[in-house]
Amino acid sequence: MTFISRRDLLMRAAAIGAVGRPFQGRHADGDRADPRDDLGDSEGVALPSREPQAREPLEHLTAEEADLLDAVVARLIPADANGPGAREAHAAHYIDRALGGALAASRPAYASGLAALDRYSRSSRGKKFTELAPIDQDSVLIDVETGAATGFAGGSAAFFALVLNHTHQGTFGDPYYGGNANFVGWDLIGYPGIRTMVTAADQQKLERNELKTNHKSAYDYESFVKSSARAGDAHEGGSPRRSSRAGAKAGA
Amino acid sequence: MATRLKDTDVVVIGLGAAGGVAALPLAQAGLDVIGLEAGAWLTRRDFAPDELRNNFRGWPQGVQKANQEIPTSRATASSPTLPRGTIHPMQNAVGGTTLHYWAQSWRLNPWDFKVVSDTTKRYGASRIPKGSTVADWPFALEELEPYYDKVEYEVGVSGQAGNVGGTIDPRGNRFEGPRKRGYPMPPLRSTEFLEKMTAAARSLGWHPFPGPAAVNSRTYQNRSGCMYHGFCNRGGCHVDAKNSTAVTTIPRAQATGRLKVVTRAHVTTIEVGGDGRVAGVNYLTDGVEYFQPARVVLLASFTYENTRLLLLSKSKAFPNGLSNNHGQVGRHYFSHHQGAPVSALFPFDLKSWYGLPAQGVAVDNWADDNFDHSGLDFIGGGNLWAMSDRRPIAAAGMNTFGRVPAWGSQWKAFVKENADRSHSSYIQKTTLPYEDNYLDLDPEVKDPLGFPVCRVTGEFKENERKIAAFTQDKMEQWYRAAGAVAIVRAPVGGAMGVSTHAYGGTRMGDNAETNVVDRYGFSHEAPNLGILGASVMGTSGAHNPTLTVQALAWRTADHLIRNWKTIRGTA
Numbered sequence: 033m034t035f036i037s038r039r040d041l042l043m044r045a046a047a048i049g050a051v052g053r054p055f056q057g058r059h060a061d062g063d064r065a066d067p068r069d070d071l072g073d074s075e076g077v078a079l080p081s082r083e084p085q086a087r088e089p090l091e092h093l094t095a096e097e098a099d100l101l102d103a104v105v106a107r108l109i110p111a112d113a114n115g116p117g118a119r120e121a122h123a124a125h126y127i128d129r130a131l132g133g134a135l136a137a138s139r140p141a142y143a144s145g146l147a148a149l150d151r152y153s154r155s156s157r158g159k160k161f162t163e164l165a166p167i168d169q170d171s172v173l174i175d176v177e178t179g180a181a182t183g184f185a186g187g188s189a190a191f192f193a194l195v196l197n198h199t200h201q202g203t204f205g206d207p208y209y210g211g212n213a214n215f216v217g218w219d220l221i222g223y224p225g226i227r228t229m230v231t232a233a234d235q236q237k238l239e240r241n242e243l244k245t246n247h248k249s250a251y252d253y254e255s256f257v258k259s260s261a262r263a264g265d266a267h268e269g270g271s272p273r274r275s276s277r278a279g280a281k282a283g284a
Numbered sequence: 272m273a274t275r276l277k278d279t280d281v282v283v284i285g286l287g288a289a290g291g292v293a294a295l296p297l298a299q300a301g302l303d304v305i306g307l308e309a310g311a312w313l314t315r316r317d318f319a320p321d322e323l324r325n326n327f328r329g330w331p332q333g334v335q336k337a338n339q340e341i342p343t344s345r346a347t348a349s350s351p352t353l354p355r356g357t358i359h360p361m362q363n364a365v366g367g368t369t370l371h372y373w374a375q376s377w378r379l380n381p382w383d384f385k386v387v388s389d390t391t392k393r394y395g396a397s398r399i400p401k402g403s404t405v406a407d408w409p410f411a412l413e414e415l416e417p418y419y420d421k422v423e424y425e426v427g428v429s430g431q432a433g434n435v436g437g438t439i440d441p442r443g444n445r446f447e448g449p450r451k452r453g454y455p456m457p458p459l460r461s462t463e464f465l466e467k468m469t470a471a472a473r474s475l476g477w478h479p480f481p482g483p484a485a486v487n488s489r490t491y492q493n494r495s496g497c498m499y500h501g502f503c504n505r506g507g508c509h510v511d512a513k514n515s516t517a518v519t520t521i522p523r524a525q526a527t528g529r530l531k532v533v534t535r536a537h538v539t540t541i542e543v544g545g546d547g548r549v550a551g552v553n554y555l556t557d558g559v560e561y562f563q564p565a566r567v568v569l570l571a572s573f574t575y576e577n578t579r580l581l582l583l584s585k586s587k588a589f590p591n592g593l594s595n596n597h598g599q600v601g602r603h604y605f606s607h608h609q610g611a612p613v614s615a616l617f618p619f620d621l622k623s624w625y626g627l628p629a630q631g632v633a634v635d636n637w638a639d640d641n642f643d644h645s646g647l648d649f650i651g652g653g654n655l656w657a658m659s660d661r662r663p664i665a666a667a668g669m670n671t672f673g674r675v676p677a678w679g680s681q682w683k684a685f686v687k688e689n690a691d692r693s694h695s696s697y698i699q700k701t702t703l704p705y706e707d708n709y710l711d712l713d714p715e716v717k718d719p720l721g722f723p724v725c726r727v728t729g730e731f732k733e734n735e736r737k738i739a740a741f742t743q744d745k746m747e748q749w750y751r752a753a754g755a756v757a758i759v760r761a762p763v764g765g766a767m768g769v770s771t772h773a774y775g776g777t778r779m780g781d782n783a784e785t786n787v788v789d790r791y792g793f794s795h796e797a798p799n800l801g802i803l804g805a806s807v808m809g810t811s812g813a814h815n816p817t818l819t820v821q822a823l824a825w826r827t828a829d830h831l832i833r834n835w836k837t838i839r840g841t842a
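Protein chains in written order, with our numbering: chain A, 33 to 284; chain B, 272 to 842.
It is worth saying that the hints were derived from the structure and are not from the lab. Glycine residues also receive a C-beta, built at the ideal position from the N, C-alpha and C atoms. Treat each hint with caution, since some may be false.
Claimed, not checked - Restraint-style ranges between C-beta atoms, simulated for each label pair: (1) B/A740 with A/Q236: 53 to 59 Å; (2) A/E91 with B/E466: 47 to 53 Å; (3) B/G402 with A/S156: 48 to 54 Å; (4) A/E96 with B/G754: 49 to 55 Å; (5) A/Q236 with B/F672: 26 to 32 Å; (6) A/G186 with B/E414: 30 to 36 Å; (7) B/T357 with A/I174: 27 to 33 Å; (8) B/A740 with A/V257: 44 to 50 Å.
Said to hold, decoys possible - Computed cross-link-like contacts, EDC-like style, restricted to lysine to aspartate or glutamate with a CA-CA straight-line distance of at most 16 Å: (9) B/K401 with B/E730; (10) B/K392 with B/D643; (11) B/K732 with B/D707; (12) A/K160 with A/E242; (13) A/K237 with B/D278; (14) B/K392 with B/E416; (15) B/K687 with A/D99; (16) A/K159 with A/D99; (17) B/K401 with B/E706; (18) B/K467 with A/E239; (19) B/K531 with B/D278; (20) A/K258 with B/D317; (21) A/K237 with B/E463; (22) B/K451 with B/E416.
All chains, full assembly: derive it from the sequences and hints.
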């Protein structure tokens with residue numbers, strides 16, 4: 033039986049995602065790297081490249097929509113001296129994927145909102161949003177955030193709130209869903225990582241700043257992806273109990 | 272035409288916090304029980320530490336009947352309908368919302384059972400807020416104590432007792448009523464920050480203590496102790512350390528051979544016979560109709576569905592809905608004023624990435640009537656709760672305390688520094704029922720089967736708003752004493768909306784004119800119908816409802832067992 037773990041897939045995705053993003057190359061093995069190397073080292077963080085970038089295939093957005101969305105998320109959480117931002121986290125990819133699933137109800141809002149943003153940028157600033165300088169992009173986004181931008185069905189503020197919310201999800205959510213690439217979101221806020229057990233000693237280490245950051249997706253833990261339950265294997269250190277629900281069922 | 276199933280002694284509608292508990296004593300007493308549950312079994316493998324799935328996507332791994340029938344809400348009968356949510360606050364599954372709840376397992380305090388008489392005695396009858404329909408419970412805390420004790424041990428609750436047999440233990444809640452014995456497990460562990468909050472409360476002369484939780488602080492009943500991994504808030508437990516009924520009372524009831532669990536059973540109506548007694552329950556599974564006849568029906572859905580099912584179950588004997596010939600179904604509704612938090616920013620990391628909302632420090636000095644209200648213009652109060660609970664997406668969405676914009680480089684620098692430096696309080700406040708807060712059926716919005724959904728009409732009144740402002744002052748004082756450098760208060764009051772802490776609609780009381788069920792939880796009008804859940808509670812107190820719901824459920828089951836021949840009738 034060939035078994036490719038989700039962790040392997042994630043690692044591959046991370047490696048693929050890093051193509052054309054030289055500033056990320058050093059994070060491609062971020063799962064094992066000391067996360068403290070990823071942060072606080074502004075020398076290592078390049079500004080977003082203007083070169084065409086390789087990206088994951090689009091599942092729901094058009095290429096134009098995705099370019100525009102990517103440019104927006106890159107301003108919401110920009111790459112800067114404090115490290116990579118939402119573009120580097122692949123937040124737009126997270127949103128694209130989710131628009132066919134959990135966020136499907138928002139697909140029309142993205143089509144309409146991105147089109148409105150494109151129109152508003154051209155009419156108010158004379159250029160496509162993606163061609164504006166970052167400072168002008170920010171000024172457009174302030175209009176959108178405050179509801180001052182015209183031409184948005186349901187108001188521009190609602191669209192802004194939607195995108196910001198989903199950008200947070202795509203930057204700080206579990207990497208399994210396609211965002212938070214190389215754990216850049218979690219490293220930014222100092223999240224020490226997903227664990228299935230945190231002992232009192234671990235908590236004390238955390239309080240002394242000695243707990244090692246754990247770069248893992250929830251689905252790197254076998255307990256949540258294995259195809260059948262075995263007694264006592266769901267976690268480290270827990271007590272074994274009955275092997276399946278069927279064993280406890282009444283013989284009615 | 273519905274398929275008529277084999278008769279049974281008791282059918283329980285909903286195997287959550289309440290039904291999942293009641294099933295155990297009934298099955299142990301030798302009654303044949305069928306538990307109809309709209310959801311499915313979920314197990315440890317379903318409970319990944321996944322914030323997106325748990326906290327943003329409403330548990331998509333379970334098909335949620337509840338999400339198809341989310342109540343509508345409005346503040347008053349003349350207010351516009353509020354935007355409807357997309358995720359129901361409660362969960363359909365075996366174990367119900369006890370799978371992912373916070374598991375805070377409080378007893379109510381003695382005052383909560385006699386708000387009217389105690390207030391009248393101490394301050395005068397004029398202090399009962401105008402328009403409130405609040406009444407004393409038909410019994411005092413002492414009546415419920417044995418059932419609280421039973422549930423604490425059967426389900427498993429961690430905590431520190433504050434009053435065993437009248438002897439005050441300063442490590443626990445000195446304001447709790449006397450209990451027979453302490454908790455079966457010591458409290459969940461503390462953290463450096465919680466210790467800081469504890470010391471700060473003491474410096475103010477208050478009496479902080481660790482709160483009670485239906486979470487194992489050590490191995491209990493062969494299940495693991497808590498792993499403190501940080502995904503307990505709307506997350507199920509990957510080691511079964513959270514004592515949902517799905518891993519405690521329900522499997523034990525099944526082991527007797529007397530409980531049959533029927534999953535994915537979508538109950539549509541309770542059937543009434545020509546004699547005005549309930550005859551059984553109609554339900555659908557995959558579009559196929561079944562009729563489950565039973566001697567006794569226990570309605571144990573959530574507050575909204577309890578009211579809705581009664582109102583939808585019309586018959587010759589009950590033309591306005593089952594057990595509603597006095598027009599009381601849906602009345603005395605209220606939800607806890609648990610919003611209006613205070614947020615604080617500290618100049619140091621709190622190290623609260625790992626923990627759970629039930630792990631924390633409580634202050635009850637400003638709850639209930641634990642302080643003198645003579646010079647105040649409200650009754651009741653709030654429980655202050657500082658917990659250890661943080662996850663990455665929520666942390667990034669932190670309050671920025673007016674210091675930076677909501678996005679961009681400044682924001683990014685702010686969250687980089689402060690993501691682990693903010694704290695938000697949880698303050699549960701006394702909330703009273705009022706004449707014009709109620710549940711009924713929405714005249715327009717329907718579920719996919721064409722049945723109207725429940726409609727909430729409710730707003731927090733002056734008494735609740737005053738408590739909120741008062742407790743926010745106390746919370747700010749507490750945070751400042753612990754070193755907070757910035758404070759933001761959320762607005763108080765407003766519309767009740769749809770809540771996880773929803774009470775009333777089938778209130779318990781001796782008077783059939785003003786209550787739906789009697790002191791044991793059985794209908795005043797249909798004697799073989801029992802109702803379980805916070806829908807029977809007439810006051811909220813300042814603490815989470817679940818343990819009280821479970822103690823009441825056990826008590827109703829106990830009453831049924833003792834009076835089986837009378838209640839089941841002769842049919």
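**Q.** Indices of hints not satisfied (ascending)
**A.** As far as the earlier hints go, 1, 6, 12, 13, 14, 15 are violated by this structure, in ascending order.
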